[in-house]
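So the chains spell out like this:
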Amino acid sequence: MIRLSNEVIFYGGILIAGCSLLAMILHLCISQVQKVRLHSKLVQEYGEKQKK
Amino acid sequence: MAEEWIASTYQVLDRIGAGGGGVVYLANHTRLGKQVILKADKRKISTRPELLRREVDILKDLHHPYIPQVYDFFVENDVVYTVMDFIAGESLDKPLRRGERYPQSQVIQWAIQLLEALSYLHSPTHGDPPRGYVHSDIKPANLMRTPKNNICLIDFNIALALGEENVIGCSAGYASPEHYGLDFSTDGDTATQENTSDDDRTVTMAYAEDETKTMAKAHPTSSISKVKTVVPDVRSDIYSVGATLYHLLSGKRPARNAKEVQILSEEEFSPQIVKIIAKSMNPNPDLRYQSAQEMLDAFLYLHENDPRTKRLKKRCLVGNILFSACLICGVATAFTGLKRMQTAEQYLKLSEYSRNALADGDIEGAVQYALEALPEDTSFLKSTPPAEAQKALTDALGVYDLADGYKSHKVVELPSAPLCMALSTDGQKACCIYSGNLAIVDIQTACIITTLPAESSALSEVRFLDNNRILYAGKEGIEMYDIENGQSVWHGKPATSIQVSEDGRRAAAVYREETFATVYDTATGEVVAKVDFGKRHQQVTINDLFANPQDNLLALNQDGTLLGASFSDGSLQIFDLEEPDKEIRLLEVGSGYTHFEGGFSGKYFAFSASDAKESAFVVMDMEEEIQTGGFTSEGFYSVQAREDGIYLKVDNLLVEMDPVTGEQRPLVTISEPIRRFAISDTHTLITTDEEFLFFDQNAHLLSRYTKEQGSDLVQIANGMALLGSSDLQTMRIMKYENHTEAERFAYDATYSHDEARVSEDGKYIMLFSFEGFRVYQAEGELVAEVEIPEAKDVYDQQYIRDEEGARLEVIYNDGKRMGYSAKDGSLLYEEMGEKLDKTLYEEFYTDTLRMESPLHGTPAAYDIKTGKLVRELSKDAYLTYVTQAGAYLVAQYVTVEGDYYGELLNAQCEVLAKLPYLCDVIEERLIFDYPTGDLREIEIYSREELMEIGKKQILTQ
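Which chain is which? The protein sequence lines are V and B, in order.
Residue numbering for the first sequence follows the numbering used here, beginning at 1 and increasing consecutively.
Residue numbering for the second sequence follows the numbering used here, beginning at 1001 and increasing consecutively.
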């Protein structure tokens, strides 16, 4: 039973890490799309960003 | 229009504008050759000319893309002319008048340009001493829209830089409250707003120099009650910028009164822009942007400061942090799991190493490995040590093996495999010949005391004269060595085979295939006799370096007066050293025998002679010179003859033989053929193909061990045993141990019984089987012996300990139950119970587990609550009982052969220890019933206690 617990921890950790990575990638993709959309909206409202 | 020239330099091209302060001309600068703007101002300048010139020079140094370049300033005909760049395009007031509106993004772009210009203008970097300039009249009319769609801030009123009294712009709606002398600042008094019309005229105002006065010259049509002196500063320009942007965005000019300005709609315009403009137009200058750069930054950072951007950033940040945290947690968890798996694997490996070391007889190594598999320091990166580790340690320490017998003591590592071994009679020293060397070993420590050069022959032998002196086949010849003193006593001629008389005073030696034997006085090394073999020699292999077939017989009698020898021609002869001419031939030349064993036992000479087909055993009375016994067999006889007896082995039987009567006393009877044997005063050691076993003098088995490889060299003396093999570089030392300290009760070992139990108070012991039982008092007195009636109909027996006391319940096939007192054996009850289920299925319960014990099948443990299988138990035997002993479980089994044993289990039913001969468990004490008639008892050791024992053992070793 002890050996099983160790494996559960190991594979569970891999599962969590994998899902987190996938979720992070998905989140980044969605965020990027949202950023592009928002940028487009802001450019429409405020014009292009001026250089400081 | 006639050409008009101004200052002889400027050719007026067109009059492009006019206002309250003057006229604006488009002119051609004849020297520069470019079009310029001439702004003619009719208002009087009261400043001294030299100061004026200095300020103009400063203005001429203003260079900014959104500020027209000022070229010159001069006075002609009381008119002040300012010369500056001509900016093509139209001022923004014109499209506003036309009703044009601009998109927010465009207004922002212009706002940024305007604020950049203002920031430049305001920065105190112009002139000497450096100072900044306030425009003071920012309004759409003063913003030129160029063809490139940029703006340019025009209409500088240099008089503001000078602090002139009457040259300040004050456009209604765009001018800040300060322009009207109104002070809405945090620490200022609120002033009444003057009533002027909301138009674009520049209102000329004069300010009193004395700050305490609140008078001001105003437009004739105006009336004011009271005004405080306020000097417009950069914040006033900020207000004007805000108002200008307000107009550009909404198309409506802001109210003149700053407090009446309507806030822009956040539905029509971006809330950020509304806020910027509202802040810039705050009546209180302290609450506006304090600099053009500050307001510029507000526009430049619109994207970043937009709430949507912030929300998105926040969401991204939270998401990134969350998922990163999860990723890190996942990786950390996986790492932890991996390390734990690795340590668990390591512990299992160490447990296996321990088991292997134990099997090889290396107790110290076995304990060491087991302790490494049970680390003291724990961390979450280390797995809990497995049950196998504790079991390995338990096995290595042998704490639950309370039987008297031989246990592994140590292992001697040799440079190469032994060829010949000898053990001193006190069992404390051993000698071993290997590959041209002799090693003298301390048995207790297993350390090699010294190494001496020996004859390089597998035939070389070593003998103990006594516990400290040895005779061995040295490199230079036969040598006597004193171990205690560490020195050679004497040496003689070359020798390989050596024998010593029983009294130790004479030794006979033969060198390889030499045809004579030399007899020495062991005390002095003097040659007392040379025995001529008559051109015969003993059996010698072609290559005698690696193997000794041990085919030869060479023996001296008690006092060394008779020498027995076998020869390669099959003959066997006794030589009388006192009568050399006397020949006693026991076997003639050509007997066909090739293998000889034997020796003298008192006046008798016993030997065996064997060939491939048969073996002969003969006993000779050497005084009478007659044969007193003997037989032949197809089996292989092996004989050892010593002063204390003649020992004969054939197949699976080892006996001590009386040379007079021929009576045979069994020493060992087993089911497999015996290969080698060694006998001491009290014990016998034998080897088979698979095992080596120890027996006591009553032929009772004491201990048995499985051997990995051949053990063709065996020695035993005084409770120590030595096993070696020509295939292994190690010698295994076994030591006799008794555990009388754990003795609880001793009984007649001949009484046959299946089980033993102890009453709860410990005062009575019951030994029982289906046939009957005995009850003893703990002191040893037999209380009762009872024969169970109709034993063949007995189904089962149960020893019960409960509130009613201890008793033996006998259950018959028909369901009848009879109960006998465990104290006196009296019949307590006889009753008829239910007919029994003959499947012999039983169930046992502990606090958390239910154990199933089927007759056929593997016993198993299940969780009481969930019913899930926890573990299958030992499948090689029938589970008879389960006892909960503290944190442990003790399972008792019976094998098909009827042997009882137990297993110590943890809560997960993992085996922590094997408990051979376990018969009873009372609380946390284990009771063992040994075939030697001993009941022994020991407590259950916890893991920590075992580790302490192991560490102490390592230290003492």
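Errors might be hidden in some of the hints.
Unchecked claim - On the chain B side, residues computed to face chain V include the following (Cβ under 7 Å):
| id | residue |
| --- | --- |
| 1 | 1109 |
| 2 | 1302 |
| 3 | 1305 |
| 4 | 1312 |
| 5 | 1338 |
| 6 | 1490 |
To be verified - Computed Cβ-Cβ distance ranges for the label pairs, DEER-style:
| id | chain 1 | residue 1 | chain 2 | residue 2 | range |
| --- | --- | --- | --- | --- | --- |
| 7 | B | 1079 | V | 36 | 57 to 65 Å |
| 8 | V | 12 | B | 1310 | 32 to 40 Å |
| 9 | V | 36 | B | 1094 | 34 to 42 Å |
| 10 | V | 12 | B | 1751 | 53 to 61 Å |
Since the hints were derived computationally from the structure, they do not count as laboratory data.
Ideal Cβ placement from N, Cα and C applies to all residues, glycine included.
Hints breached by this structure: 3 and 6
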